[in-house]
Structure formats: structure tokens, C-alpha cells
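Number of protein chains: 2
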Amino acid sequence: MVHDTPTTPDFFARHRELLDRAVTGTANREYWSPFPESPSTSVYGEDAPKRGEAAFREQLGRPFVLDGHPGSGTVDPGEVSPYGLALHISYPRLTPDEAIEAATAGIGAWRAAGPDTRAGVAAEILARINAASFEIAHAVRHTTGQAFVMAFQAGGPHAQDRGLEAVAYAWAEQKRHPAAAHWNKPQRRGEPLALDKKFTPVGRGLALLIACNTFPTWNGYPGLFASLVTGNPVIVKPHPGAVLPLAISVRVAREVLTEAGHDPNLVILMAEGPKDRVASLLAVRPEVRIVDFTGSTEFGDWLEANARHAVVYTEKAGLNTVVLDSTDDYRGLLRNLAFSLSLYSGQMCTTPQNLLIPREGFDTDQGVRSAAEFADDLGTALDKLLGDPARAAGTLGAIVNEGVQARLAEAAKVGRTVRASAPVEDPDHPDAVLRTPLVALVDAADHETYTREWFGPVSFVIGTDSTAHSLSIFRTIVREHGALTAAVHSTSDDMLAEAELAALEAGVHLSENLTGGVFVNQSAAFSDFHGSAANPAASATLSDPAFVTGRFATLQSRRPARSPEVGDA
Amino acid sequence: MVHDTPTTPDFFARHRELLDRAVTGTANREYWSPFPESPSTSVYGEDAPKRGEAAFREQLGRPFVLDGHPGSGTVDPGEVSPYGLALHISYPRLTPDEAIEAATAGIGAWRAAGPDTRAGVAAEILARINAASFEIAHAVRHTTGQAFVMAFQAGGPHAQDRGLEAVAYAWAEQKRHPAAAHWNKPQRRGEPLALDKKFTPVGRGLALLIACNTFPTWNGYPGLFASLVTGNPVIVKPHPGAVLPLAISVRVAREVLTEAGHDPNLVILMAEGPKDRVASLLAVRPEVRIVDFTGSTEFGDWLEANARHAVVYTEKAGLNTVVLDSTDDYRGLLRNLAFSLSLYSGQMCTTPQNLLIPREGFDTDQGVRSAAEFADDLGTALDKLLGDPARAAGTLGAIVNEGVQARLAEAAKVGRTVRASAPVEDPDHPDAVLRTPLVALVDAADHETYTREWFGPVSFVIGTDSTAHSLSIFRTIVREHGALTAAVHSTSDDMLAEAELAALEAGVHLSENLTGGVFVNQSAAFSDFHGSAANPAASATLSDPAFVTGRFATLQSRRPARSPEVGDA
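Residue numbers (the UniProt record's numbering), protein chains in the order written: chain A, 1 to 569; chain B, 1 to 569.
Hint data in this document are derived by calculation from the structure and do not stem from the laboratory. It cannot be assumed that every hint is accurate.
Note that identical chains are pooled: a pair holds if it fits in a single copy or bridges any two copies.
[Said to hold, decoys possible] Below 25 angstroms or equal to it, Euclidean Cα-Cα: the simulated DMTMM-like pairs (lysine to aspartate or glutamate) are: (1) 175 with 528; (2) 198 with 20; (3) 275 with 402; (4) 275 with 287; (5) 384 with 116; (6) 198 with 505; (7) 275 with 30; (8) 175 with 20; (9) 185 with 505; (10) 198 with 116; (11) 175 with 263; (12) 175 with 410; (13) 198 with 328.
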């Protein structure tokens with residue numbers, strides 16, 4: 001039988017309205033979310049949870065299939081769920097040469113497709129990823145240790161929001177200059193000079209996404225989609241501990257690219273074994289022109305120093321800080337902060353670590369509370385929040401790896417432990433390692449303790465001379481060591497203004513007086529900026545124009561106009 | 001006597017319309033120029049030429065006065081006009097520490113002023129620089145060696161256009177996000193979550209402008225104004241051979257800043273002696289967070305490698321290339337190209353060096369012309385263009401420094417010299433060193449000759465196998481060595497399309513079939529992009545969004561909304 005070539009679907013037309021709405025969202029910063037965050041059957045369909053879990057289960061113990069993907073043989077990165085399950089999934093094994101060759105083959109057609117087509121393809125990829133949210137949730141859960149609802153939300157719809165946000169910035173940025181213009185320059189004598197000009201966005205070149213263990217999709221999608229929409233192929237190099245969520249995403253991306261008539265190898269999965277060092281091999285290849293990285297300060301700094309032929313976007317570690325000056329809702333403050341410290345066991349790059357409070361205490365609606373009293377009260381709030389094991393498990397998730405456990409053991413020897421970290425039994429997962437947050441009381445003089453990052457459920461209540469002293473420490477340590485988040489509590493408008501000024505000088509985003517249902521460690525796509533190049537914790541914001549402008553150039557050609565008459569433009 | 005504090009003038013209100021129009025110009029890329037390019041008394045006033053020259057003359061042999069400028073003592077950089085006049089002007093001498101301390105003192109108030117105020121101040125600076133165009137023209141002429149009309153246009157209004165273009169991009173970019181937003185997230189149960197958010201553009205920090213000898217203002221203003229408008233103080237470090245044009249500009253900037261109630265030290269002049277190495281000392285200072293540089297590939301590469309704490313925008317050297325395939329206006333082609341090679345003696349970063357043409361010849365309306373014949377014809381066209389010494393002097397200007405003369409001597413030994421460089425007597429300036437362009441015929445096999453930059457009036461007619469071969473060489477050498485400009489001549493639409501594709505792949509802007517009054521080495525602000533990060537000759541475009549996004553961050557604060565009722569946003 002002979003079929004006509006099937007018509008290529010017009011994904012841009014399909015998603016045009018969504019893309020326009022997304023661009024509006026990036027510009028007005030009001031609340032907007034295209035992908036529903038509720039893991040509810042009324043939203044995602046009656047079968048979605050079951051089918052998603054089945055898809056995840058079916059994958060276990062097998063080679064992950066990516067049609068037409070380059071490479072020979074497979075590699076098992078050794079993914080083990082923090083909930084106790086060994087995944088035993090293998091992925092295509094390929095050399096850097098194979099990855100680079102395959103990824104760059106389709107670059108010309110992808111450039112020629114133009115920003116609209118590319119944005120349409122990206123939006124379709126995200127729509128299908130959204131439909132796979134339950135499958136991805138299980139994959140995220142069993143690689144990161146996030147509890148299910150968080151794995152669904154942060155790894156699913158919230159990550160998809162961040163992805164679409166990057167699509168919107170990348171698409172809009174390429175359309176800030178027209179595709180063509182007529183230039184007509186009057187002359188003092190004679191005919192005007194007249195030129196026809198074309199302007200073409202051209203991707204910078206092959207992109208490398210180096211993803212992290214804890215938020216493979218949320219931190220990975222922005223770079224992936226920003227690069228893709230600006231015309232660049234992407235090699236996705238997951239953390240060996242969290243390959244599956246990105247493998248599923250890559251599979252979807254390749255399906256959509258194929259349907260759109262493009263080379264699926266524009267998105268390549270580069271899995272590696274736990275001892276391989278593929279990221280550092282790829283990053284120094286001259287063909288790699290864009291690097292997105294989330295992870296340790298050490299490797300982020302190495303990339304910035306060594307991948308200088310590329311533009312490098314890093315999110316590294318920081319010292320997230322809370323300044324406590326005064327509050328009129330002490331209970332709300334404690335409840336809110338206890339949840340912030342507990343959520344995913346403090347394994348978020350946005351979890352507060354340093355809590356600065358005057359030694360002698362701060363004013364609250366419950367009277368003055370000294371630093372020591374506050375530390376005790378925070379411990380009590382944590383006990384209360386985490387008293388019920390099942391509920392605690394839903395908040396804490398599991399400890400992602402042994403590094404975090406080792407750090408917890410070390411933290412127990414530092415300062416005065418006001419609240420010790422304790423194991424929690426997850427009723428549903430006897431093999432999971434769960435730990436509650438540790439709170440230690442230290443003094444402002446103990447610089448060495450609190451000027452390093454203790455990734456995991458470790459926080460320090462730091463006694464200072466005064467709020468002014470707290471702000472001074474805040475400014476200094478964030479300028480020097482960086483931060484992803486900062487918060488302040490004060491009932492004084494003047495003090496809030498001072499804290500805002502300190503945050504601007506330190507170069508960090510600030511949350512104020514959070515006592516309700518918004519937490520300092522959460523940032524919402526299309527409204528909150530995540531990270532900032534203004535302090536050492538990151539070289540980029542997710543997402544903003546600076547996150548996309550370096551990924552492409554607008555190249556120009558010009559020629560004498562065919563009809564140079566005046567007024568003919 | 002006691003005066004009231006004079007009211008600070010509202011420069012933003014004064015220039016609001018101009019700024020809006022400039023933003024439109026950056027977006028539509030049609031012809032627009034706010035600053036008239038004609039050095040005419042009907043535009044600039046009856047006295048302007050005389051007053052401008054007098055202001056220049058009065059300055060000779062004296063210390064340059066900058067009120068309130070830091071430093072102790074003076075330094076004479078040894079400026080000598082290529083037209084034979086020693087300037088003997090001294091400038092404030094200051095150490096890097098003094099410059100950094102002074103420049104950063106006003107940073108807080110400058111940040112707080114906000115983008116509108118900063119754009120208004122910048123527009124006023126440019127308006128006053130425009131009024132000083134004749135003074136600056138003489139200063140540019142007697143430091144760069146440009147002939148008067150070019151010194152006026154490129155050093156005056158065209159540079160001011162480029163400055164305003166950078167102001168427009170910088171201003172608009174900071175306003176892409178609102179200053180405030182209300183965020184209202186519906187909850188499945190209960191009241192929505194509601195936050196008030198603020199967004200504040202914050203400059204990256206102290207900027208260092210390292211300017212060049214040949215186009216101190218045209219290449220300098222974009223970085224200066226982009227940094228200033230995004231909230232950053234700027235240390236202006238001119239080339240020791242071309243201090244005066246930027247010293248005048250700095251004087252104007254400081255006057256306007258003072259009137260606006262800001263610290264004039266937000267713009268500092270850092271003059272140095274010819275043997276000082278102040279740029280490299282400053283560039284590695286951690287306080288310096290932005291570097292703009294125009295000059296040699298060697299120092300540009302050094303800056304990119306060593307000033308990694310800063311964002312570095314460089315324009316370096318390249319191999320500007322012309323591909324000759326066919327033409328229906330051979331005389332126009334020759335006339336146009338001869339002028340391109342002659343203008344300012346080829347001392348433009350945009351002058352073509354490599355002319356690729358099939359050995360066996362290309363089709364013209366005058367018959368097929370072989371590579372050798374074309375080289376001869378080009379020589380004849382140059383002879384004709386430069387036959388009259390007075391007219392030649394007005395096109396060639398003078399040779400900027402001994403490096404160019406040495407290179408000319410070296411070029412005489414390369415390939416077959418078809419047209420030798422010759423001295424020209426400038427009737428008005430017997431001491432000026434003028435040289436006409438050299439044209440040598442080489443073969444495509446002579447890689448070593450044409451894959452290095454010969455800055456100055458040196459061009460190679462390179463015989464290739466075919467236009468396809470020419471395009472292949474073009475692609476390869478521009479990808480490897482960079483280019484600021486490229487041009488093609490062809491009567492075939494298919495071949496033009498191929499050349500456009502090659503230019504996109506090489507990463508360079510392309511001019512096609514220029515035979516009239518537009519020249520490949522000219523680029524017009526608000527329409528043409530100058531340079532591209534897409535090839536090694538530059539890491540930035542003058543100007544585009546990427547040129548400004550790295551100079552500031554948008555920092556955010558958020559707090560619970562005072563009136564969280566639904567629908568109250």
C-alpha cells in the first residue's frame with residue numbers, strides 16, 4: 001500500500017494561544033499556571049494515576065527504549081530509590097563523539113524551522129509531558145526521595161510551568177526583532193538609499209544540560225527548552241541517581257520532534273555510570289556551546305572556569321538566610337518555618353539554613369523570645385509538625401543519598417543541638433531512610449560553622465547583637481557565599497525597607513513575613529524569579545531574558561531594495 | 001546669600017518622547033537617526049564649527065579639567081595627532097584604588113533612582129554630547145587620523161546614535177517586568193494565597209570601559225551607556241592614543257550627573273601613560289563586574305580568560321570577507337569596493353580584507369573577469385578614486401600609528417602586489433602620514449597569508465576553484481578566526497541564498513550586491529547589528545538585548561498582600 005506522506009501537524013497553531021498567554025504571564029508576573037498542580041483524577045482522568053504507576057513499574061528492570069537513539073549497548077547508572085527500590089533500568093550507552101555527531105546533524109533544519117515552529121514543538125512536548133505527569137511523579141519519587149505529592153507537583157506541573165516559562169522567554173526574545181525590514185535613508189541630494197534587510201535568529205550551538213539528583217525536571221526543563229526553542233540541539237546528561245524522569249522527558253521530546261518532521265536526535269540522552277565523568281568530558285568539547293548546570297558549587301565553578309568557549313548557566317549552593325526582627329504572628333512564623341525546614345528534609349536548594357536573631361531576643365505577639373527560646377520553640381514546632389509518622393513521611397520524603405546522612409552526623413557535633421535529627425518510620429516504605437531536621441544554636445562569632453552550606457535538614461539559629469547586626473551578616477555572607485532565598489520577619493515597615501535594601505545589595509530575592517500557606521522555599525513560575533546572577537549561588541535566573549539571550553544571535557543580511565522609490569516601504 | 005536648593009531637572013520627562021521613539025527604532029529596524037549626521041551650520045548653528053574648533057584648540061597643551069574628579073597630579077598619555085600635532089594634554093592621574101572607591105560611592109543612590117531617571121540622564125548626556133559634536137570631531141580627528149567629515153559623523157552623530165540605541169535597549173530591558181505585581185493563587189479550599197511582589201533592576205556592579213584608538217566614541221558609547229542606564233558606575237579607560245574624545249564625553253556626563261543630583265564620580269576617566277597597563281590591573285579587580293573592550297584579539301582573549309568574575313563584552317579582530325560570484329554592475333562593484341577599502345585607509349574593524357573570487361573569473365556585465373583581471377581592475381578603481389590628493393585625503397584620513405605602517409611594509413612582500421600602497425600628500429597637513437590601499441593577489445592555497453588579520457589598508461584577492469570553494473573558505477575562516485563583516489556579489493538568487501546560509505553558519509552579518517552609496521564597512525544604528533557573538537571576532541553585538549541583559553539583575557521581594565480578598569487585585 002502506498003500512503004501519502006502524512007501532513008506534519010502544526011503544533012504552533014495548536015499552542016499559539018497558550019504561548020501568547022505564557023508571554024503575558026512572564027511580563028505581568030501575576031498568578032498563572034497552565035498545568036494543574038493537583039494530582040487529581042478530576043483533572044488528569046480516572047485512569048491517570050493507575051496508568052502512570054503502571055508505566056513506571058513496567059519500566060523497572062529493563063532497557064529504556066528510545067527509538068532511533070544513537071549509541072551501542074546500554075549502561076545501568078545504578079539508580080536506587082531512596083524508598084528502597086533498585087530500579088535496574090539501563091539506558092543507551094554512547095560516547096561523547098557519538099552524542100555530538102548525532103545531536104548536531106539536524107541543526108540546519110532546526111534553525112530553518114524558525115522560532116514559531118520551534119516554540120510550537122516545545123509546547124507540544126510539554127503538553128505530552130504533562131499527560132505523563134503520574135509516570136514522571138513515580139520516577140521523580142523513586143530517584144529523588146520526594147514524597148508523592150511533592151514529586152507530582154514539583155517534578156510534574158510545576159516543572160512543566162518552568163519549562164513553558166522558558167519557552168515563552170525564548171520565543172518572545174527571538175521575535176523582538178522583525179524577520180525583515182525596509183531601510184530607507186533620505187539623502188540631501190537625489191534618491192534615498194534603500195535596503196531590504198533580513199534578521200534571522202541563529203542558535204549558539206550544541207547545548208549540554210547537566211541535571212541534578214534532587215530536582216531533575218524542575219531544574220532541568222528551563223535550560224532544555226530555552227536551548228531547544230532558540231535553535232540548539234540538547235544533550236541531556238542526567239545525574240546517575242536520577243536518570244528516569246529525564247529519560248521519559250527525552251522520549252516524549254523525540255516523539256514530538258519526529259512527528260514534526262525533525263531529527264529526534266536534536267534531544268539526546270547521555271546516561272552514564274556512577275563513576276563516569278561524562279559531563280566534564282563533554283563540557284570542554286568545542287562543539288558544546290551552551291552548558292546548563294545544577295549542582296555543587298565545586299563542579300559549577302569548574303565548569304565556569306573550563307567551559308569558557310560555552311555560555312554557562314549554573315545554579316550552585318548558597319546560604320539561605322532568615323532574619324528575625326519581630327513578628328505579630330509568632331505561631332504562624334514557627335509553623336511556616338518548621339514546614340520550610342521539613343519539606344523534602346531540607347534537601348531543596350531553597351531551604352533556609354541560617355536563622356539570624358538577636359541573642360537577647362525579638363518581639364513577638366507572645367512576648368520577647370530570646371535566640372535560645374526561639375530555637376526551642378522551633379524545635380517544638382517541628383515536633384508538632386512531624387509527630388504523626390504517616391504525615392511526617394508525606395512532608396519529609398526520604399534522604400536522597402548517603403552524603404546527606406553523613407552531613408547530619410557531622411552537624412550533631414556543631415554548636416548546641418537544640419533539636420536533634422531523628423529517624424522516622426515511613427509506614428509504607430520500611431526501607432526508606434527518613435530524617436527530621438536538626439536545629440543547632442550557634443553564635444554570630446561561629447563563622448566557620450554557618451558560612452558553609454550544609455545541604456539537607458540542618459539549620460542554625462545564630463545569635464546576633466541586634467537586627468542591624470543580623471542584616472550586616474546577611475549582606476556579607478550572601479555576597480561572599482551566595483544564596484537562593486532569603487526571608488525576613490518584621491512588624492516594622494522601616495525594618496522591612498532596610499531588609500529589602502540589604503537584599504538588593506546582597507543580590508538575593510527576599511520573602512517577607514511568611515506565616516501562612518506560602519513558603520520561602522517555593523517559587524512560582526511566571527511570577528517568582530528563582531536564583532539570580534547577582535550573587536555567587538547562581539549565574540542565571542530561572543527564567544528571565546538573560547537566561548535566553550545568550551543562547552542565540554540575530555544575524556542580518558541586507559541588499560539593495562528592489563523598488564527603492566520613496567514611500568514604497 | 002542663601003539660595004533654595006535648585007530643583008533637579010526632570011531629564012526623563014524632557015527626553016521621554018525621544019526614548020520611546022528610540023525603543024521603536026530598536027524594534028522595527030527601519031531607518032531612524034536622532035542626531036543629524038551633516039556637519040552643517042543649518043543644523044548645528046552658525047557658530048558651531050568655529051566654537052567647536054576653538055574649544056579643541058584651547059584645550060591643547062593644558063591639563064584637562066574635570067571638576068571634582070578624584071586623583072592626584074596629572075598624566076600626559078602622549079597623544080600625537082596622525083596629522084602631525086602633539087596634543088600635550090594632561091589628565092587626572094589616579095590609582096585603581098582611587099578610581100574604584102570614587103566610582104562606587106554613588107552606586108546606591110544611582111540604583112534607587114530607577115531606570116526612568118537613569119535613561120533620562122543618559123539621554124541628556126547624549127544631547128549635550130551632540131551639541132559638542134564639532135569639538136569632539138576635532139578631538140577624534142586628531143587622535144584617530146580620521147578625515148574631518150568622517151571624524152564628525154562616525155565620532156559624533158553616528159556614535160551618539162549607537163549610544164542612544166544602547167540606552168533604549170537598556171531602558172526597555174529593565175521595564176520588561178513590572179515594578180510591582182499582585183499574585184493571587186486560588187486554593188481548592190478557603191481563601192486564595194495572595195502576595196504583593198516588587199521587582200527591582202539592580203546593576204551588576206562597577207563597569208570598566210576599555211576603548212580603542214580608532215573609534216573611541218563609536219565603539220565606546222554603547223558599553224558606557226548600557227552600563228550606566230542599568231545602574232552601574234563606569235570607569236572609562238581610553239586608549240592612550242585617543243583620550244580626548246572620551247575625556248570630553250566624561251566631562252559632559254559628569255556635568256549632567258551633578259545637575260541631576262547624582263555623584264559625578266559615577267563616570268570616571270582613567271587616563272594612563274603609553275606604557276602603563278591600567279586596563280589589565282583594573283580588569284582583575286573583584287569590584288569590576290562588567291568589562292567592555294574593543295581592540296586586539298590578544299588582549300580581548302586575555303580579558304575573557306582572566307576577568308571571569310566579570311561579564312566581558314569584547315570586539316576583537318576578524319577576517320572580513322567578500323565573495324565574488326557574479327555582478328550586473330561591475331563598475332558599481334569596483335567603485336563601491338574601492339571606496340570601502342580606502343575609507344580611513346582600511347583602519348576600520350569592518351574593512352574587507354579577503355576578496356574570494358574564482359581564479360578563472362566571474363561573470364560581469366563587462367564580460368568574464370579572471371581573478372588577476374579583477375585585481376587589476378580594482379587597482380585601477382583605487383587609482384581613479386584616489387587620484388586627486390585633496391579628495392584622497394578626505395577619504396583616506398591619516399595612518400593612526402606605526403603598527404599600520406609596519407604592516408604595510410610587510411604586506412608588500414606577500415603574494416603578487418597588484419597595486420602597491422603609496423604615500424599621498426595631504427595639502428593641508430604636510431606632516432600627516434597618508435597611505436593608499438595595497439592589493440595583493442594570492443591563491444586559496446596561501447592560507448597562512450590570509451588567515452591572519454592585516455589591520456590597515458591591505459587586501460587580498462584570493463583565487464579559488466569556484467564560488468562553492470569561495471563559500472567553503474568563507475565559512476571555515478570566519479568560524480575559526482571571526483569577522484565583523486561579510487559581503488557577496490551575485491546575480492543568482494540561488495547563490496545569494498547559499499551565501500546567506502553560509503553566513504548564518506559562519507555567524508556573520510552579510511551585505512549583498514552593494515554597488516551604490518551603502519558600503520559594507522558601514523553599519524547604521526537602530527537598523528544594522530554590528531558584530532555578533534556567533535563568531536570569534538566578538539562576544540557581543542552593538543547593540544541588542546544580549547548586550548544589556550548581563551548588566552543587571554531583576555531582584556524580587558514578596559510579602560503577604562494587605563487585602564487578600566478575592567478579586568481585590
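The hints, checked one at a time:
Taking the shortest alpha-carbon separations for residue 175 and residue 528, both the intra-copy value of 24 angstroms and the inter-copy value of 16 angstroms come in at or below 25 angstroms. Proximity of residue 198 and residue 20 under a CA criterion of 25 angstroms is satisfied in both settings, with 24 angstroms inside one chain copy and 24 angstroms between copies. In this assembly of identical chains, residue 275 and residue 402 lie within 25 angstroms of each other by CA distance solely inside one copy; the values are 16 angstroms within and 57 angstroms between copies. Taking the closest pair of Cα atoms, residue 275 and residue 287 come within 25 angstroms of each other only inside a single copy of the chain (24 angstroms); across copies the shortest separation is 39 angstroms, beyond that limit.
In this assembly of identical chains, the alpha carbons of residue 384 and residue 116 never lie at most 25 angstroms apart, being 52 angstroms within a copy and 50 angstroms across copies at closest. Proximity of residue 198 and residue 505 under a CA criterion of 25 angstroms is satisfied inter-copy only: 15 angstroms between copies versus 42 angstroms inside one chain copy. Proximity of residue 275 and residue 30 under a CA criterion of 25 angstroms is satisfied in neither setting, with 44 angstroms inside one chain copy and 56 angstroms between copies. Taking identical chains as interchangeable, the C-alpha atoms of residue 175 and residue 20 lie at most 25 angstroms apart whether they share a chain (12 angstroms) or sit on different chains (19 angstroms).
Taking the closest pair of Cα atoms, residue 185 and residue 505 never come within 25 angstroms of each other, the shortest separation being 46 angstroms inside a single copy and 30 angstroms across copies. When the C-alpha separation of residue 198 and residue 116 is checked against a cutoff of 25 angstroms, the pair qualifies only within one copy, where the shortest distance is 16 angstroms, while the shortest distance between copies is 32 angstroms. Taking the shortest Cα distances, residue 175 and residue 263 sit within 25 angstroms of each other inside one copy (24 angstroms), while across copies they are farther apart (38 angstroms). Within a single copy, residue 175 and residue 410 get their C-alpha atoms no closer than 52 angstroms, and across copies no closer than 47 angstroms, so neither meets the 25 angstroms cut-off.
For a Cα distance limit of 25 angstroms, the shortest separation of residue 198 from residue 328 across copies, 22 angstroms, qualifies, whereas the shortest one inside one copy, 60 angstroms, does not.
Of the numbered hints listed earlier, those contradicted by the structure are 5, 7, 9, 12.
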